[in-house]
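Q: Start from the sequences and build out the full structure, keeping to the hints where you can.
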Amino acid sequence: MVSAALKPALLGPPVTAPQCTEIALRDVAVRYPVTRSAPKTVLSGIRLDIAAGEFVVVLGETGCGKSTLLRLILGQEFPSEGSVTVDGKPVTRIDSRCGYVPQKYSLFPDRTVLGNVMYGPENACSRVLGRLRPSYFRFRRSLKSEARTFLERMGLRAQDLDKYPHQLSGGMQQRVAIAQALMMHPPVLLMDEAFSALDPSTRAKLQELLHSLWLESRPTIVFVTHNTSEALLLGTRLILLGRHREEEASRSSIALDMEIPIARIPFARRKQSSEFHDLRERVKLLAYKSSSMNREEGSPDSQIKAVDPQ
Amino acid sequence: MRQAFHPRNFVDIQVRPTRLWTLSLSWVLFIAGVALYVQFSIARHRENPEDRVVPSLSQLVQGIKASVLEPAEEDEPIEVSAGLFWRLRHSMLFKDTIASARRFLIALALLVPAVLLGLHMAVFPFADVIFLRFVLFFDKIVALSLLPILFIVFGIEEWSKIMLMVIGVAPTLILDTNNIARSVPREQIVKAFTLKSTNADVAYRIVLKQMLPQIINSVRLNLKPLALFLFAGEMIASTDGLAYRIAIMRRHMGMDIILPYLLWVALLLFLMDGLLRFANRRLHPWFQPL
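Protein chains in written order, with the numbering used here: chain D, 1 to 310; chain H, 1 to 290.
By construction, these hints were calculated from the structure, which means they are not laboratory data. Any given hint might turn out to be false.
Below are the DSS-like pairs computed for lysine-lysine, each with C-alpha atoms no more than 25 angstroms apart in a straight line [said to hold, decoys possible]:
#, chain 1, residue 1, chain 2, residue 2
1, D, 104, H, 209
2, D, 144, H, 140
3, D, 163, H, 140
4, D, 89, H, 196
5, D, 104, H, 65
6, D, 104, D, 163
A: Written out as structure tokens, the structure reads:
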């Protein structure tokens with residue numbers, strides 16, 4: 001890990017404890033049983049408080065535990081040590097308070113775009129018997145029109161709404177996946193490398209869209225990525241994870257936890273700003289250092305590539 | 001690009017035959033089979049005009065007529081003045097087809113719980129823990145070896161034959177359904193829960209709905225084993241049915257009846273397979289087979 005003294009010098013002051021904690025991880029460690037005698041530690045010593053309305057970006061190289069961290073918050077996995085709470089309640093199963101957008105397989109292939117987006121609200125408002133009542137059909141009509149409006153705002157054309165997911169491009173699919181999650185108005189939105197399979201232009205459009213949606217309703221977003229530029233562009237707070245080292249079992253997997261200073265700059269001008277480029281270089285350097293301190297093998301070049309250089 | 005036929009194309013992986021060649025070549029083996037049969041039959045009939053092992057075309061036509069328009073030996077004869085529809089309704093082939101189809105369809109219906117069990121094993125971990133090892137073991141029991149037990153338990157009437165089909169195919173169908181249900185991406189199940197789905201929603205509205213086209217494919221692939229067990233049961237203990245008739249005709253060297261029956265069974269299974277494929281395409285337009 002990068003030494004505590006080095007961090008301020010590189011990036012400025014660390015994050016102060018948030019006022020209203022939405023997500024809290026306390027001394028969390030995750031171990032997988034690889035062999036009976038020596039389990040593999042993926043995350044250790046994670047202490048994290050995420051406030052309501054924060055846009056937290058989790059950055060790190062492949063295999064450092066970014067997605068595991070997300071799955072812990074989601075309730076898909078449980079920590080070997082420590083506790084995870086969302087809105088003050090311990091996470092014991094997959095939580096419907098969280099919206100979820102994975103990298104792929106996020107849409108139900110047997111439903112049209114509209115069907116996918118309406119699935120959640122329909123579930124939330126009526127159970128099987130409720131679907132036989134006349135009021136359900138009125139509700140469904142109004143829901144349909146709401147979903148149409150929302151999808152059109154997300155950049156989908158009217159003729160795309162009755163298509164099945166396999167008939168859409170990757171970018172369109174992810175737009176629908178975000179719409180599907182946001183239709184539930186979740187207080188927490190978890191995104192696992194949601195844009196990493198997209199081409200740069202589609203990715204840029206979706207980044208802008210996500211940012212504007214976040215500004216509107218301010219859900220708490222935890223966004224996992226391995227792309228430094230994306231992390232700095234989108235987030236208000238950056239968490240850099242380093243790879244766990246068995247010799248330093250007590251050390252936290254969090255190599256860096258900081259507020260992103262350029263979050264104050266309007267989104268459209270953020271990428272062009274000199275601060276953005278400066279910060280990106282410094283984060284990359286820090287990522288490299290945290291990566292190289294955790295690795296004994298491999299060339300420096302391969303270590304720099306560990307965090308996407310874009 | 002679609003290309004015309006050339007002998008070297010037989011060993012070319014990248015070639016795409018034209019529509020005309022596709023249509024023509026797909027019939028070549030059928031035509032060759034018929035031609036070969038006719039040649040063989042003519043040769044045998046030249047040596048022995050009464051030969052019944054490879055019946056001539058006229059013998060076959062007589063056999064088909066007898067199957068389609070005449071009643072079985074054990075039934076009452078049809079009046080000479082009876083109309084065509086009456087003759088068809090009381091013919092040997094119709095009676096046998098109905099008897100076999102009834103057993104076949106009852107067995108298919110009884111296999112629905114097998115599909116549901118496979119689904120539940122994939123979705124609910126406790127169901128998996130209880131059933132998986134048992135089904136894996138049960139799958140290894142040779143179903144035909146259970147036939148004597150089935151005859152003792154269910155008698156030699158209908159149910160022993162139906163149960164033979166069910167027991168023969170159910171373990172394969174359970175395990176296949178289980179594998180198909182497990183192939184539904186975990187992300188979708190997680191996403192469904194975040195969208196306020198209940199356990200039942202996830203099992204039946206997400207997983208079952210997504211795996212239906214593959215289940216239909218699995219049933220299609222199991223049509224032949226199902227027919228195989230039906231034939232085994234009918235040949236051993238039955239008083240009607242397509243396989244019963246084939247077994248009876250074997251004793252009389254009645255190849256003129258056996259061959260049309262054999263082709264009829266193949267045609268029925270082929271049509272059923274086609275019907276299921278058609279239904280799959282129409283009911284699940286979203287399905288993208290790998």
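Q: For each hint, tell me whether it holds in the structure or not.
A: Against the structure, the hints come out as follows:
no.	hint	in the structure
1	D:104 <-> H:209	19 angstroms, holds
2	D:144 <-> H:140	51 angstroms, violated
3	D:163 <-> H:140	44 angstroms, violated
4	D:89 <-> H:196	17 angstroms, holds
5	D:104 <-> H:65	60 angstroms, violated
6	D:104 <-> D:163	18 angstroms, holds
Consistency note: the structure conflicts with the earlier hints numbered 2, 3, 5.
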